[in-house]
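In case you want the letters, here they are:
Protein chains: 2
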Amino acid sequence: MTVSRVLRNRGDVSEATREKVLEAARVLGYVPNKIAGALASQRVNLVGVIIPSLSNLVFPEVLTGISAELEDTGLQPVVGVTNYSPEKEEAVLYEMLSWRPSGVIIAGIEHTPAARAMLENAGVPVVEIMDVDGEGVDSVVGISHRRAGLHMAEAIVAAGYRKIGFLGTKMPEDHRARKRLEGFQEGLAASGLELVDTEFYSGGSALAKGREMTQTILKRSPDLDFLYYSNDMIGAGGLLWCLDQGIDVPGRLGLAGFNGVDLLDGLPRRLATMDACRREIGRKAAEIIAGRPHNGLIGGEVIELEPVIQLGDTVRRA
Amino acid sequence: MTVSRVLRNRGDVSEATREKVLEAARVLGYVPNKIAGALASQRVNLVGVIIPSLSNLVFPEVLTGISAELEDTGLQPVVGVTNYSPEKEEAVLYEMLSWRPSGVIIAGIEHTPAARAMLENAGVPVVEIMDVDGEGVDSVVGISHRRAGLHMAEAIVAAGYRKIGFLGTKMPEDHRARKRLEGFQEGLAASGLELVDTEFYSGGSALAKGREMTQTILKRSPDLDFLYYSNDMIGAGGLLWCLDQGIDVPGRLGLAGFNGVDLLDGLPRRLATMDACRREIGRKAAEIIAGRPHNGLIGGEVIELEPVIQLGDTVRRA
DNA sequence: GTGTGTAATGTTAGCGATAACGGCAGAGGG
DNA sequence: CCCTCTGCCGTTATCGCTAACATTACACAC
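Read top to bottom, the protein sequences are chains A and B.
The opening residue of the first sequence carries number -9 in my numbering; numbering runs sequentially from there.
The opening residue of the second sequence carries number -9 in my numbering; numbering runs sequentially from there.
Any given hint could be a false lead.
It does not matter which identical chain is used: a pair holds within one copy or between any two.
[What the hints assert, rightly or not] BS3-like, lysine-lysine: derived pairs with alpha carbons at most 30 Å apart:
| id | residue 1 | residue 2 |
| --- | --- | --- |
| 1 | Lys78 | Lys10 |
| 2 | Lys24 | Lys78 |
| 3 | Lys10 | Lys153 |
| 4 | Lys78 | Lys160 |
| 5 | Lys24 | Lys169 |
| 6 | Lys10 | Lys169 |
| 7 | Lys24 | Lys153 |
Source of the hints: derived by calculation from the structure; they are not laboratory data.
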């Protein structure tokens, strides 16, 4: 018991005893068994984080935000990856909950009914991240992808573009990309416009795909004057291709992506984009989990971050 | 006990009882407590993975390999990030071991003495990854960064370049980058050459930094005819800058990076690079952990993967 | 000397599962 | 009819720790 007290810095132990305990622990190479500790104390210093992928730049960045915020709270993130599969998500969630984590951070607000039920009954704070368009289980931190798309459409139309194409991923389970597209179309519709052409891809290096798709769509619809990409990577590929071809960007053709990945600072032109507040989302989500018992938060917060349009060099200025 | 048997598919239970148990579990939303299970069975289905960073593209890729390989082994990776700090690594490792994972995968073979002691006494398979230049604790999976640097130097010299500069990160704790540089210098020395100039950076977007550094080093040493970058991202930045400047690549100036990130497929030219076998390293490491008790492996394997030089379009061909 | 308060340490009873074994019923062989 | 075997399910004792309470030691006031 005294050992337990020393190793947890809890309760009164004389300095002399404390020293002796630490010394002995060092000599023996003793590492306390958290499993037993957690079982006894009903406290687990783990936070489950469930994301669709690690290949998409965005999620490691969110993770970085989470890690940073959790840094000195004694909490530790445990990551699960779903590959955009709802069934996998359900399985991963079940697995995580069976470890009775102190909280769960999960990407998106679309889940299988079973997954949703688990989240509701988890008995710990749940934060759904990335997306606020819909009804969350507990807390939600993210941006409105619908409005992000809508605002981008407005900005593009305001800049005078009229024949607009969309290039994106062929992923029915990527609800956020879908919502951006819907919002975008809504934004166009408000000005009496609609998408002239679309092109979808799946798999492969995004940069290379961006090139290919851009070539394909422009060959099919040469009169397009703007291309909206569902992410910055394919947008960057498109931009590079256009520059190769000597296309006048943004005069003859405008381009925009989404995410605001700073990885791409340093391209010949700055691609128009919209910051998805990824790191900030991670931080805020972690903050909610970490602070919940102490700061009077009782759950159900919806924190909507406001993505900022950066027109960069690929949209005509007024 | 019968419930336990049903939920673990272990031992004999009649079909009728099994159905009843599953039904009841569903109705109650019962999620077994793995903490208690792990304590009782002394088995934990977690694998600790300790990496320096998530911002560096490379590590998410390794993680992807690990996840994929662990997919249907019932094992789950738990990620810890050290930010290249040996002390943080020690702390993260301690934290992980206190959960008694089934194995540990840790980047690098340089650790604090305490961390090394923990790894040696962990009593579970340990795989040190990325780097084979040195003495590992148990198993090691990686490439020789020293030889990677050396081979690149040989290839560059063979291509006829003579005035060679190096651009890299200012990170004393990035042992792999250091070893590549050392190997590179060794390779140059073998031909009686040495580095003409070097330039280091830290922080910021790698692409943009690559541009800056390239400009800086070429201004200072305009007669350089080759630039070796410590990673592909800054190399790509450098390449874009050179193209902007109308510099003849690879005629007047050759460029090479390291990692072989396929993210960059789609640049105007393919940067010369060397595949670091990231995903493969993840797979093999996970395979060792997953297979250990079953496949007769007893630990101590050293698996050295052979990175392949891809000369791309930024090194003169003979 | 006795009572009281405080600091330091010890005892006991779980936490929720599983390992290991025990018991019982019914089948089948002799 | 007895015995063994197998299939199924229950009992008991941990696993290594911590919460809660108990005890001891000692200082100090009266």
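task = Go through the copies and call it for Lys24 and Lys78: within, between, both or neither, with a Cα cutoff of 30 Å.
result = both (27 Å within a copy, 19 Å between copies)
key: Homomeric proximity label, Lys24 with Lys169: Cα distance no greater than 30 Å   = neither (42 Å within a copy, 37 Å between copies)
task = Tell me, please, which holds for Lys78 and Lys10 at an alpha-carbon limit of 30 Å: within, between, both or neither?
result = between (48 Å within a copy, 25 Å between copies)
task = With 30 Å as the alpha-carbon cut-off, assign the pair Lys78 and Lys160 to within, between, both or neither.
result = For Lys78 and Lys160, the Cα distance is within 30 Å only inside one copy (19 Å; across copies 40 Å).
query = Between Lys24 and Lys153, at a C-alpha cutoff of 30 Å, which is it: within one copy, between copies, both, or neither?
reply = Neither: 60 Å inside a chain and 56 Å across chains, both beyond 30 Å.
ask   = When no copy is specified for Lys10 and Lys153, does a C-alpha distance of 30 Å or less occur within a copy, between copies, both, or neither?
value = neither (77 Å within a copy, 61 Å between copies)
message = Treating 30 Å as the Cα threshold, decide for Lys10 and Lys169: within, between, both or neither.
response = Cα proximity of Lys10 and Lys169: none, with 61 Å in one copy and 42 Å across.
In summary, the structure is inconsistent with hints 3, 5, 6, 7 from the numbered list given earlier, while agreeing with the others.
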